[in-house]
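According to the numbering used here, the sequence shown is numbered sequentially starting from 1.
Warning: the hint list may mix true and false statements.
Here are the computed lysine-lysine pairs in the DSS-like style, where the Cα-Cα straight-line distance is at most 30 Å [what the hints assert, rightly or not]:
id: 1; residue 1: Lys66; residue 2: Lys80
id: 2; residue 1: Lys66; residue 2: Lys28
id: 3; residue 1: Lys66; residue 2: Lys26
id: 4; residue 1: Lys85; residue 2: Lys66
id: 5; residue 1: Lys28; residue 2: Lys58
id: 6; residue 1: Lys58; residue 2: Lys26
id: 7; residue 1: Lys85; residue 2: Lys26
id: 8; residue 1: Lys58; residue 2: Lys143
These aren't lab readings, by the way, just hints derived from the structure by calculation.
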Amino acid sequence: MLDAGGVNRGLANWAHHFNASYASAKLKDRFYAVLVASCTYAMPRLTALHVWLDNVQKSRIAAIFKLVALLLSFPVFNLKYFLFKVAFGINQRRMLDLHYHQVLLYAEQGIEQTASSALYLRHSMQAINALNHVGNSLDRVHKAVNRSGVSHVDLRG
Numbered sequence: 001m002l003d004a005g006g007v008n009r010g011l012a013n014w015a016h017h018f019n020a021s022y023a024s025a026k027l028k029d030r031f032y033a034v035l036v037a038s039c040t041y042a043m044p045r046l047t048a049l050h051v052w053l054d055n056v057q058k059s060r061i062a063a064i065f066k067l068v069a070l071l072l073s074f075p076v077f078n079l080k081y082f083l084f085k086v087a088f089g090i091n092q093r094r095m096l097d098l099h100y101h102q103v104l105l106y107a108e109q110g111i112e113q114t115a116s117s118a119l120y121l122r123h124s125m126q127a128i129n130a131l132n133h134v135g136n137s138l139d140r141v142h143k144a145v146n147r148s149g150v151s152h153v154d155l156r157g
């Protein structure tokens, strides 16, 4: 027979763990949001720097300055591309975490439905046992009446 008390205790323990993990998930999501914002804040500035370095290469200045601008434009472009990949990866991670928590919420709903079904089943089994007990009592009374030789009496009138 299912123990609804054990299911409820297990559900309470799981809910406590879920609330703690939900709070840490919110904190992690905010941290990820700050990282994405930082990366996206820096990308336009690096783009502007890259364009400025490209314009320096096209201008009429000494070849040494053009070489310096060219050599600086490669790391600037790579840093901008790296920040884009970091922001993209963090957003993918955030989506994965959201999916994970959505699955947990669906599991929580399923556990609650299972617990309520177990409680319903327990009450149903208790009702069936009570009806069986009443039926057995009526059978014993009927057998006792048959052994005593008392015939059926119509009390309707």
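Right, here's what the structure says about each hint:
1. Lys66 / Lys80: holds, 21 Å
2. Lys66 / Lys28: violated, 44 Å
3. Lys66 / Lys26: Distance ~48 Å between Lys66 and Lys26 Cα, so the pair is violated.
4. Lys85 / Lys66: holds, 29 Å
5. Lys28 / Lys58: Distance ~45 Å between Lys28 and Lys58 Cα, so the pair is violated.
6. Lys58 / Lys26: violated, 48 Å
7. Lys85 / Lys26: holds, 23 Å
8. Lys58 / Lys143: Between Lys58 and Lys143 the Cα gap is close to 113 Å, so the pair fails against 30 Å, i.e. violated.
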